[in-house]
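Residue numbers (numbering that gives the first Met the number 0), protein chains in the order written: chain A, 0 to 66; chain B, 0 to 504.
Note that these hints are calculated values from the structure, not bench results.
Where hints are given, some of them may not hold.
Result set (DSS-like, lysine-lysine): computed pairs, CA atoms no more than 25 Å apart in a straight line [unchecked claim]:
#1 A:Lys32 / B:Lys220
#2 A:Lys13 / B:Lys220
#3 B:Lys39 / B:Lys29
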Amino acid sequence: MSQWLSGIPLFWGKIIAVVGFIGMIIWTWLRPKAFIMHEAPDTNRWRDLRIWATVCLGIQIILYFIF
Amino acid sequence: MDIQGIDLFIVIAYLIAIPVFGIYFRKYVKTEEDYFLAGKMLPWWVISMSIIGTNIGAYDYMGSAGGAYRFGIAQANYEWIGAIPAMVLSAMLFVPYYWKAGVYTVPEFLGKRYNMAVRVIEAILWGAFLACVLGVFFWASGLMLNEYLGIPIEVSLLITALIVGIYTITGGLAAVAMTDVVQLLVMFIGGVALSVLGLWTVGGWSGLVNAITPEHPHHFKLFLPLDNPTMPWLGMIFGLAFVLSPAWWCCHQAIIQRTLGARSEWDAKAGMLMASFPKMLIPILVVLPGLLALALNPDLAGADMDKAFPWLIKNLLPAGLAGLVFAAFMAALISSVDSTLNSAATLWTRDIYQRFIVKNASDKHYLNVGRILTFVFVLWAIVFAPVTKKFPGIYVAMQTLLSIFQGPTFAITLLGIYWRRATQWGGLSGLIAGVAISSTLYFGFHWSFLYVAWWSFAGSMIFNVIVSLLTKPEPLEKLEGLVYGLVMKDKEIQDILSRRANGGQ
């Protein structure tokens, strides 16, 4: 099995990581807004935590794409 | 490092200012909740900075810089793919349920969701782990004061105990979290100063890359080939990113406790999510110095590679910056020590003392017990610290023990929150089976802990599902507020739970 695994190109690691990050962004946007904003002091757009998650996961995509 | 003049002034000023600042918060402590959960008043920005202060210790500076010297930028995986997705998961899925449940500890949540046996096993494990880690942290702190300020090691240990103990015992989580904010700022100022100076010396980023890549072509790649013994890319993804990292960020008491002290559910989630931004910058403090050391001195070999960071400090820093970087080093250590102390006291008070020794006592009684236990842990750390020198394997053994439990713990917590059909016997059997699998693979077959984590997680999930399906479902009243499907779609339940978590009926 380890021989078979060692044949997988390194590039697949990058693909799995980036697809995982994108999948996670989609998952966060599937959370109901009421749940995300629950007990937020106001309804300002910046308090939507899905935007925060998208930004930090987006930065990860860039980092893993570059390196 | 020679500490003289202005450097000495900076270090002493820092060591005095931290406890003075921390002790200010004792006036807010009147109840058990004030002490262990900061009165549920922490705003999101304090939580986020305290989480990172807790997460980054002096060992990260040494170990990560040494790892970067050996393997390059792949070391940053522990701060990026090995943290960020898990922090998002924790903020969006785990933290709101812990917070709504109104618990003080993660084992307490598992006890509510499954049964007392699961709570006790988890509490004993985490309690023992945190207590042992305290000894290691104290020894490291004493050693640093001894090495750089020339103070005898016994006196160094007492100074550490005095600095940390004085505000942790009196001020509880509020003092710990607020001092963590200051410590994180000190860490970043010192760390960035070192990295900027290092980059300047090697001729910027391109100078760094040009100096390293001819001899080390993989040092600027995040994923390393599968034949790498420490960081094979498959292990980094399936072991680290899928299991160990979520287990750490979603189930570690010292990390989660900060969010439980949030002033609202939104602050709890936002605090964890916001922490991912400084976390992304941590490689500048702990990985980049390793690469800079490699560019400037490629001759370190063997165990000396772990001294890449001290080498850089000793050979790069001009007079005046040494005190700042030393203060940053101490800040990393102290912010981990105070959090561990507070979390250990919380676990032992809530999950052991309150559950098995004295039940139904007054709030004041448990507050006093919490303070006494924190003091006892300070004494314990002073006594236990020298033992870690005689048995350096203790820290490795504790980390191994933790990695053996982490996969199964994450598996039962994940299923407990996401799947209402998971029963108490499913959870207990999943935990025990998972630990048995990881012990067998680790000690019997000597697998890498990255692969052990994955398979123990998978095995624990399978056992939990099978046993749950074979046993009687839990009553809905027991699961209310603890399971995803019973909260997400019902705003009324969410409001009731919020009131309950805030102390109302």
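Problem set entry | Broken hints, by number | 1
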